[in-house]
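Participant: Take a look at the letters that make up each chain.
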Amino acid sequence: MKTTVLPEILAPAGSLEKLKVAVLYGASAVFAGGQKFGLRTAADNFTLDELREGVIFAHQRQAKVYVVLNSFLHDKDLVELPDFVRFLEEISADAVIVSDLGVVRTVRSISTLPIHVSTQASTLNVEAAKFWKSMGASRIVLGREVSIADAGKIKREAGIEIELFIHGSMCMSYSGHCVISNFTQGRDSNRGGCAQSCRVEYSLEDLNTKEKKSSYFMSSKDLQGLRLLKDFIDAGIDSLKIEGRMKSHLYAGTMSKVYSEALRYFEEHGDFLSEDLIRWEKELSKVSHRAYTEANLSEPAGADSIFNERENFSGGEWKMVGTVINANPNSGTVIEVRNAFNQGEELEILPFRGEAIVVVASEIMDLNRKTLARTKPTTIVRLPFIHGIGPSQLVRQKTV
Amino acid sequence: MNVTGFAQNQHDLSLLKDSGSTEVILGMREFSRFGRLEHDSFIKLSMAAKSLGMKVIFEWDILMTEEIFDDCAYKIHTYAPHFDVLRVQDPGAFHWAVHRSEKPIHFIAESGNHNLEGLKGWCEAGGQKIERIVLSIELSRDTLKEYCAKLPVPCELLGLGRILLFYSPRSLLAPLNPEKIGVNEEIEALGESEESPHKGFPVLENRHGTFMFHIKEFCLIEYAQDLASIGLSWLRIDQRFNEKNFFSESVKIVKRTAMFENFKAAYPQDLMRGFYHVNKSDVLFPKLKNMRLQNRHGDYIGEVLEAEKSSHLAILVKLERGFKVGDKFQLIHPKGEIFEGEVHSLRNVNLEEVEVVPQGELALIPFIQGVWVKSQLFLKSNT
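Protein sequences appear in the order of chains B and L.
For the first sequence, this note's numbering gives the first residue as 1, with consecutive numbering after it.
For the second sequence, this note's numbering gives the first residue as 401, with consecutive numbering after it.
No wet-lab data here; the hints were simulated from the structure.
The reader is advised that the hints may include incorrect statements.
Ranges between beta-carbon positions, derived for each pair [what the hints assert, rightly or not]: (1) B:Ile56 x L:Lys580: 47 to 57 Å; (2) B:Ile56 x L:Lys475: 31 to 41 Å; (3) L:Gly760 x B:Ala340: 18 to 28 Å; (4) L:His677 x B:Gln196: 22 to 32 Å; (5) L:Pro578 x B:Thr378: 42 to 52 Å; (6) B:Gly236 x L:Cys523: 28 to 38 Å.
Backbone N, C-alpha and C fix where the C-beta goes; we use that ideal spot for every residue, glycine too.
Kindly generate the complete structure, drawing on both the sequences and the hints.
Facilitator: Structure representation (C-alpha cells):
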C-alpha cells in the first residue's frame, strides 16, 4: 500500500511566546526572525537567547525552526550576516529562509544550514526552481501566484522540496517586486519597512473615459486553502505555510491547531468529510481576518480576490481574552488577561488538541484572591481550577 | 557613455539611430511587460534595425508562472533568428537562457539585488553568456561606483523613464468596469490616495497584470558624465509612455550638447534622482517599534505582566536559573526610565513566600511606584 507523506504545517512565530503557542498547538515547524535580516521590522522578533530557547523548545517537541534572512540585504547588512549564520548553525536551527543570491552564497560559504528560498524571490516556474537548486537551495517557497498543480509539477521536474502558502494575508504584487514604500515613504519595503500602501483607498481616474472611481483596488483578500488540503497532499507539497508573524497569539495557535488537526484526520481516514471541513472553517473564522479567497491555488485569482474594502476584519465577534499561565488546584486557573470579561460570562479555552472547553467565569479573583466582578486588560486573574487545562493555552470569548 | 532605448515603431528606431545608438530594445506584447509589438511588427522592426547595423535586444522581462513560461519558451525560438541578445529578469528565464539558448544575455537585476555578492553570483551563473547586467535604480552613486569596478561585465542603469513601483499579475483596473473584465485590453488610470501626499500615480493594466508607477520619472541623464567616470557603461532612456519621444533630447544632455534646465522645463513629467546621492531607506526602522523593549539579552529576568498598586509586580520568569531572593535588578520602563532594586521578598503564584521562583512561573515582588506593565526586568550585574 502506498504511504502518503503528509506535509509539515509551518506556522509564524513573531516572538518566543508565539513560537511556543504554535508548536504546542501542533505546528510541525515554525519560522522566526532575529532582530535583523527579516522582513518584519515591527515584530517583536527574537533575541539570540530567545532563538536558542525557541530551537530547544521546538526540537524537544519534534518541531523545526526556520530562521528568516529574507530581506534583500545591502552590502553593509551582509557584513554582519556571517556571525549570525554561525550562531544559527551552533544552536541547530533547521534552515534559513533567504531571498537574494548574495545571502544564499554567503550562507553556503560559511555553513551547512539548509537554505529555503523565500517567496520574496517570486519563484514561479520549473526553470527558476532549477536555478535556485543549482545555487544550493534545498527548498523553494513558491510565489503565491503558483497553483497547487503547478507546485506539484515544479517539485517533480526540479527535484526540490516545495513550500506553498495555505493561509494568511497576501501581497497583491509579486513578492519582492513592490517598492511603493521605498519611493513614497523612504522605507524599504523589502528590508522590513512595508507601509502597506496597497491597503488604502485610491481614487482612480480612467484616462480614456475620465471617469473617477474610488477603490481599494490593490488590497487582496486573505488566503485560505483548507478545502484544498487534499490537493496539496496529492501534489506532494512538502510544507504548508501560514503567513503572519505580526499576528496574534490566538492566530498562531488557532491556525496551527486547525491545520494540524485536519492533517491528522486525513492521516487516519484518508479523506475529509464535509462536516469536518465546515467545523474547521468555523474555527478559522473565529480569528480576525479579511474576507477569504483561494487566490491562485486552483486557478488564477480573479476579480473576486480583491478585498475592495477599508481594513475591517471578520472574526471580530471572537476575541482573545487571555493566556493560561498556570493551572493547579492550589493556584486555580491563572490567566494573563488581554481583553476584559465579566463574572458569569462564558469563555472558551483551547486545549492543544480537541474541542474547545467551554467554561463559565463563575468566580473571578485577582492574584491576592480578592473577588472581582470584571477583569481588566494587562492584569492577572484566577478562575477556579479546571481539570485538563495547562499553561500556554489560549482563552477566547464570543463578543456578540 | 553608451545609450540604449526602446523602439515601438520606425520613428522610434530612427531617433535611436540618429542619436548614435548602436542597439535597440524591442518588446513584444507576449514577452515584455510594456511591449506592444506583435509578430509582424516585431519582425519588420527587427529587420529595419539590422539593416541600420543595430544590435537587436529581445526583451523577455515578464515574470511567469509555469504555463506562461512554457508558452514563451516554446514561441521564442520563432523569434531567435531576429534578435541578437536576450534580456531577462525572471530567474527561470535566466536559467533557460543560460542552458537552452545560444544568445548572449542582458540580465535585469533591478529588483532585489542590492549587494555585490549576489550580482557576482548572477554573473558567475551566466558565465560567458552574460553580456551586461542591469542595475537597480535604488543603488547610490558610491555603490554604483563599486559595482561597476568589481563586476566582470558592463553595467546598465535607467537614465530616464518611469519608476515601476508595483507589479501584480492580477487584473485590478478592469473590475472597476465589469464590462472590461477578460477583455484583455490596456487600461490606463491615474491614482491618488488621501493617505499619501503624492497625487497622480500612473496605473496600467495589460495582459500581464497591473502596474503602478511613481508620479515622477527617474532621471540621471544630467549625471551621465559622472556615471561614465565611475565606470557605468550604458544608460537606458525609456520613452515608451510619453506621447512625444524625448530620446534625441535626452542623448544631447548625456553628450552635454544641450542644457539640462531647458530639457527639464520642456519634459512632460516631473523628474527625480531617487536614491542616487544616498539610500537611507532603512533609517526609519528603529522607530517602527519600541527599541527599549527589544534588549532581552542574557540577564533578562522577564516582563512585568501585572503592576498592582500598593501590592505587587507580577513577573513571568524567563531566566533559566530562576529569580531569587537577593537578586539585584534593573527595571526598564517602556518609556525608557530605569528603576533599580533588590529582591527582599518573593512570592509564587500561590502567594507563598519562597526563596526562588523557577523559570516559566509567576513571581511576585513588592510594587514599585512608577513601574508599568511591559517593563523589562534584568539582573543588575550586567545591565
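Participant: Take the hints in turn and mark each one as holding or not.
Facilitator: Going down the list of hints, with the structure as the test:
The beta-carbon spacing between Ile56 of chain B and Lys580 of chain L, approximately 56 Å, falls within the hinted interval of 47 to 57 Å. Checked against the given bound of 31 to 41 Å, the beta carbons of Ile56 of chain B and Lys475 of chain L, roughly 54 Å apart, lie outside it. In this structure the hint that Gly760 of chain L and Ala340 of chain B lie 18 to 28 Å apart at CB holds, the actual value being about 26 Å. In this structure the supplied range 22 to 32 Å holds for His677 of chain L paired with Gln196 of chain B, their Cβ-Cβ distance being about 27 Å.
At about 48 Å, the beta-carbon gap between Pro578 of chain L and Thr378 of chain B stays in the expected band of 42 to 52 Å. Distance hint check for Gly236 of chain B and Cys523 of chain L: the Cβ-Cβ separation is about 34 Å, which falls inside the suggested range of 28 to 38 Å.
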